[in-house]
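Undergrad: Residue numbers (the working numbering), protein chains in the order written: chain L, 1 to 285; chain A, 1 to 344.
Simulated from the structure, these hints should not be mistaken for lab results. Each residue gets a CB set at the ideal place from its N, CA and C atoms; glycine is no exception. There could be a bad hint or two in this list.
Just some of the chain L residues that point at chain A, by a computed CB distance under 10 Å [said to hold, decoys possible]:
1) L109
2) F235
3) L269
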Amino acid sequence: MELAAQIASSGILMGFIFALIALGLTLIFGVMNIVNFAHGEFLMIGMYGAFLTSTLLSVEPLISLPIVAVVGFLLGITSYYLLIRYLLRGPMVAQLFGTFGLMLFLRYLVMFIMGPSPLAIHKGILIGKTVSLGWLIFDVGKLTAAGFSILLFMLIYWMIEKTKLGRALRATSIDAEAARYMGIDTEKMNAFAWGIGGATAAIAGGLLANFYYLTPTVGMLFVMIAFATVALGGFGSIRGAFLAGLIIGVIEMVAGQYLSQLKISFVYLAYFLVVVFRPRGLLGW
Amino acid sequence: MRAIVAVIKDTFSLADLPLSERIAFVAFLVFVFIFPWIVHSSYPRAVMINFLLFAMYGLGWNLIGGYGGQVDLGQAKNVGFGAYATALMITWWGVPFWVTVPVGIFIAVAESLAVAYPMFRLRGHYFAIATLCVALVWQQLFLFWDWTGGARGVELPIKPTPNFTFMEFGTVGYHYFIFGLFTAQFLFMNWLRKSKLGYELQAVRDNEDAAASLGINVTWTKVKAYLITAAMGAVGGSFYAVYHLYIDPRCVMHIDLTILIAMTAMVGGAGSIWGPIIGAALLIPLDMYLAALLGGKGFYGIDFIIYALIIMVIAAREPRGIWGIIERIRRKRLIHAAGGQKST
């Protein structure tokens, strides 16, 4: 019982981070119907950003979060203007390969600069600390990451639902042509969605770096988790991504308890089963 | 009888292609055939063998990815099934190579058939990610499965003399072996692209709904192409196992292999019979040159950075690859020529 509660709570904590990662992906998919394979690499760059700022400037990893967010935002916007804009005019095959190429490019660029061996942040107020609530034990890094994820998720959800910018974004995602007639600069909205996607993924990476090893190839893992999350929640659905993140977090944690080496296979399996049997996901249209 | 003659004619005939292409292809075949006689050092020979292998992989992938327009990101698993079937059966039981090949094909086709029906309920992105998921599950399984050697891989026993039962010989032997396999696969593809399935597949790629309304069973067409692609991958894998005499999940099951295979077809020009050959001719020497130039010097991943740039430029500018550029130039010339005639 205690073990089950421990697993479930740890899974839910990870789930909040998965939800944050999936948020950007589902937003991009919702707005321009394109799947971003490079999403995990944005996260990976966030991790390295946090690592570099905290080790080179020897500041607390949490303080690097705003820097990481800006880097992620700029990365997203740059990718949009330099690549995605052209891909959107081409066939679907080209879109898939284009973002796949972007993924490879960012991954191996980081590997080229930082080397392939795993790194970790060793100094910071969150590193290696745990806190116990009754008989449940939590990693402080995970707890903080989950807290930030919830906050950020709520912030972006509010922005999309309530602000004028968010309304323009939603209008673009429903019908880009009609939105253009209404005077919305859809090109800018697309770029903005990519910026938000990049920023949230990079922040998730910056939070993960507190308790997760950094390797240049870590992005693949997280982009696959994000695909599974987005599929489960319904492509394009933001609330769905949140709910699905929690579910995927628990699946990953339970599978990890019994088959630690193959745990990620269960996430892939989850994606497969969801898209085959319920393609619109839990909360999709 | 007449049907058989027609099949044989379709297999060997390139009559639907321009004369220049036919001449170039025959010249290419002659060049590959005499290659071991003119080049004696082992490195270029290894490049040549690798080129033929990847041209073969690319031709296989081209069926589902190019003619079918379905982005399959799981071809490495089929190569892996072939390679593992051959390697394990030879190492454990000493089964002749030629028996292991059909077994590898059978495993790849059976697995593909098992996942094909749920998979082809999906279109586009969903399908591509699903193939990636399945391939990654297999990659993980083979990495951690002690039964298949896990991450350590499988080492095949080395025979003292050239051996046709286990297909082990020197470089020249392997050259003609892979050349034979490549030619056989090319001829098969040449027949297939003009067969009913070939046309149905292209119709499905261009417009699924229109194809369905013409009475084409869309799903079954895709599944057939998917299975043939799987079988071709498995044959390549079997060759890989006896050529390198060592396999592990990183070289035959890995996602990087899928990327390279799909790239040979995409860069050369997916959906054309020449595409994969052109792509492999460009990428494989580049890959091996970079590996030789930078290997062990601490430059990690520079080859993939270059690939990634090529992929991005091609995807953004000319999704039909190098062959697409050639065809565009040719069309322009044709229009010019027609315009010139009109004015006189």
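Undergrad: If a hint holds in the structure, say so; if it doesn't, say that too.
TA: Hints, verified against the model:
no.: 1; hint: L109; verdict: 6 Å, holds
no.: 2; hint: F235; verdict: 8 Å, holds
no.: 3; hint: L269; verdict: 7 Å, holds
The structure fails none of the hints (numbered hints given earlier).
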